[in-house]
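So the chains spell out like this:
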Amino acid sequence: MIVHSLRLRHFRAHNDSRMTFAPKVNVLHGQNGAGKTNILEAIHYLCLSKSFLTTQDRLVLRVGAPFFELTGAFGGQRRSAVEVRLHFDPKKGKHLFTNGAPIERVADHVGMLPVVSFEPGDITITAGMPGERRRFVNNILCQAKPAYLEALTRYRRVLRQRNRLLMMAKRQGAAPDKATLASWDDALVQHGSRVIGIRAQFLTDFASFLHDAYRHLAAMEKNPAMSYSGSVSAARSWKVGAIEQAFRKQLAAAVKREHARGQTLVGPHRDEVKLTVDGLELRRYGSQGQHRTFGIAIKLAQYFYLNDRLGEPPVLLLDDVCDSLDSRRAEALLLLLQSDLVGQSLITAAGLETIRRFVPFEAGPNQRLRVHAGAVSVPDA
Amino acid sequence: MRYSSESIESLVEQFSRLPTIGRKSAQRLVAHVLKMTKEDVERFAKALLAVKERVKRCSICQNVTDDVPCALCRSDKRDQGLVCVVAESNDILALERTGEYVGVYHVLGGVISPLDGIGPDDLRIRELIQRLGPDAKHVIREVILAVNPTVEGDTTAFYLAQLLTPFGVQVTRLARGLPVGSDLSFSDEATLTRALAGRGPL
Ligand SMILES: [Zn+2]
Numbered sequence: 001m002i003v004h005s006l007r008l009r010h011f012r013a014h015n016d017s018r019m020t021f022a023p024k025v026n027v028l029h030g031q032n033g034a035g036k037t038n039i040l041e042a043i044h045y046l047c048l049s050k051s052f053l054t055t056q057d058r059l060v061l062r063v064g065a066p067f068f069e070l071t072g073a074f075g076g077q078r079r080s081a082v083e084v085r086l087h088f089d090p091k092k093g094k095h096l097f098t099n100g101a102p103i104e105r106v107a108d109h110v111g112m113l114p115v116v117s118f119e120p121g122d123i124t125i126t127a128g129m130p131g132e133r134r135r136f137v138n139n140i141l142c143q144a145k146p147a148y149l150e151a152l153t154r155y156r157r158v159l160r161q162r163n164r165l166l167m168m169a170k171r172q173g174a175a176p177d178k179a180t181l182a183s184w185d186d187a188l189v190q191h192g193s194r195v196i197g198i199r200a201q202f203l204t205d206f207a208s209f210l211h212d213a214y215r216h217l218a219a220m221e222k223n224p225a226m227s228y229s230g231s232v233s234a235a236r237s238w239k240v241g242a243i244e245q246a247f248r249k250q251l252a253a254a255v256k257r258e259h260a261r262g263q264t265l266v267g268p269h270r271d272e273v274k275l276t277v278d279g280l281e282l283r284r285y286g287s288q289g290q291h292r293t294f295g296i297a298i299k300l301a302q303y304f305y306l307n308d309r310l311g312e313p314p315v316l317l318l319d320d321v322c323d324s325l326d327s328r329r330a331e332a333l334l335l336l337l338q339s340d341l342v343g344q345s346l347i348t349a350a351g352l353e354t355i356r357r358f359v360p361f362e363a364g365p366n367q368r369l370r371v372h373a374g375a376v377s378v379p380d381a
Numbered sequence: 001m002r003y004s005s006e007s008i009e010s011l012v013e014q015f016s017r018l019p020t021i022g023r024k025s026a027q028r029l030v031a032h033v034l035k036m037t038k039e040d041v042e043r044f045a046k047a048l049l050a051v052k053e054r055v056k057r058c059s060i061c062q063n064v065t066d067d068v069p070c071a072l073c074r075s076d077k078r079d080q081g082l083v084c085v086v087a088e089s090n091d092i093l094a095l096e097r098t099g100e101y102v103g104v105y106h107v108l109g110g111v112i113s114p115l116d117g118i119g120p121d122d123l124r125i126r127e128l129i130q131r132l133g134p135d136a137k138h139v140i141r142e143v144i145l146a147v148n149p150t151v152e153g154d155t156t157a158f159y160l161a162q163l164l165t166p167f168g169v170q171v172t173r174l175a176r177g178l179p180v181g182s183d184l185s186f187s188d189e190a191t192l193t194r195a196l197a198g199r200g201p202l
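Sequence order for the protein chains is S and U.
Once you know that position 96 of the first sequence is 96 in this note's numbering, the rest is easy, because the numbers rise by one and skip nothing.
Once you know that position 41 of the second sequence is 41 in this note's numbering, the rest is easy, because the numbers rise by one and skip nothing.
Hints in this document: simulated from the structure, not taken from any laboratory.
One or more hints might be untrue.
Straight-line C-alpha distance at most 27 Å; calculated DSSO-like pairs for lysine-lysine [unchecked claim]: (1) U:38 <-> U:24; (2) U:24 <-> S:91; (3) S:274 <-> S:222; (4) S:94 <-> U:24; (5) S:222 <-> S:249; (6) S:92 <-> U:24; (7) S:145 <-> S:274; (8) U:46 <-> U:56; (9) U:35 <-> U:46.
No experiment lies behind these values; they were computed from the predicted model shown.
Construct all of the structure, not just a fragment, from the sequences and the given hints.
This is how it looks when you write it as structure tokens:
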């Protein structure tokens, strides 16, 4: 997929900015705070209806503005020429339109315009709490598999209901009604096992893409791996039947603890995705360099995976990526962006020194845009 | 703004207590009532009162009715051995529209939802069990669970299946022809007919 043009109105640093993009590498450069990242954020918004930096739409509204509006022209195989418009008004909420028609269910839009983003805060994926890695996996699977989004949505609803039941019983100092709890257990196991099964299958499929990403980045380590571990690790296989059986067993074993705590202690909402390089757990033993390499490799792998599953290259958004890599890795990445393996990319940078050495702007499919105080211009060569 | 007439103000307030009616809509409704003839207003008021005075809950199926038991529960044209369990009275209207269903109903009055503070004891499940007991007038062969395929509906169906199976009755569920999470009362007749015909064990 390609984003041809973009307009940002009352969005963060931008009052009203318009720009067009080249089909390969687009470099947005300018000082920090000039509004470079906002442009990547706007594209992410149009593709997934949300920011990669915040969950609060209010925060991206330009100070004092009554609304913000983003408009993007996209082209691709899953959707030929489509104009997406997102309008946010703090009173009326967020509304998405494609070619002028309102989108009723955001879930129908997610995955139509595939996108992969990297930003420095993504370091939490490799270094942070398990929830960050679950979020990463959820983000990919919600774009790649509508069935996953459905299973996850249902699972979360069951989880809230079951937690309420356990909490109410705890407050009353009694055990929850056996038959009612058994009914929620069944729903929890049913939807939870689907979530676990799809996640585990995904990690198996993802391994080769992660290996490829490491190779492309000329990384020193040879063997990055992601494995699923958690409440139902006892499952002998990742077939849904086996997961359900293990899930039930774990749930039965946790009965007393669950009643005492008044919450659900077993299930995919507590599972962990373990990251290792050459056999060592990254979170505990990884060096800063290893974290950075894994952090970018995992995003490139996401890119290759979505490209393979959707049959269409996502738009690749890279915020300040060169600062996160040593010069050898940065060179490898910039050459990769210009190869046939990657479609369109947008990359922000404070300075052009590193980038200018490896990306020619004179003519052809690349472009650089200067961002200064919320305004975008094409500089003279 | 407020009206100088106290009786108008009071009617606006009454209308705006109804679901989906805001103050603006209530004012429009009152303006309409003022234009109605006295006879029309009397008929309207009587209908309102009659609902409260005459409509009762059927002692068997728990549906709303003027006469107890209701016409469906008394009918010898309906298969009294086939009971379709629904969450709300409105779901019956949807199933009756298909013209295909020959059995009778049981209205639960909701679904199990701890987040809304609704447990099995808040639903008319005890009344359903009574219909399967030794004192019941009709022998029930099959219970069709026709609750919406939401997380709460599915869980309620599971709960009922566990509860009813020991009574030796066949328990079935509407086929999954209905879109996931959809509302029974908004499904079209053809879809509902297919779901009924394709019903099976849980
Ligand atoms: Zn009746």
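Hints and how they fare:
1. U:38 <-> U:24: holds (24 Å)
2. U:24 <-> S:91: Holds, at about 19 Å.
3. S:274 <-> S:222: holds (17 Å)
4. S:94 <-> U:24: holds (25 Å)
5. S:222 <-> S:249: violated (37 Å)
6. S:92 <-> U:24: holds (19 Å)
7. S:145 <-> S:274: Measuring from Cα to Cα gives roughly 22 Å; hence the hint holds.
8. U:46 <-> U:56: holds (17 Å)
9. U:35 <-> U:46: holds (18 Å)
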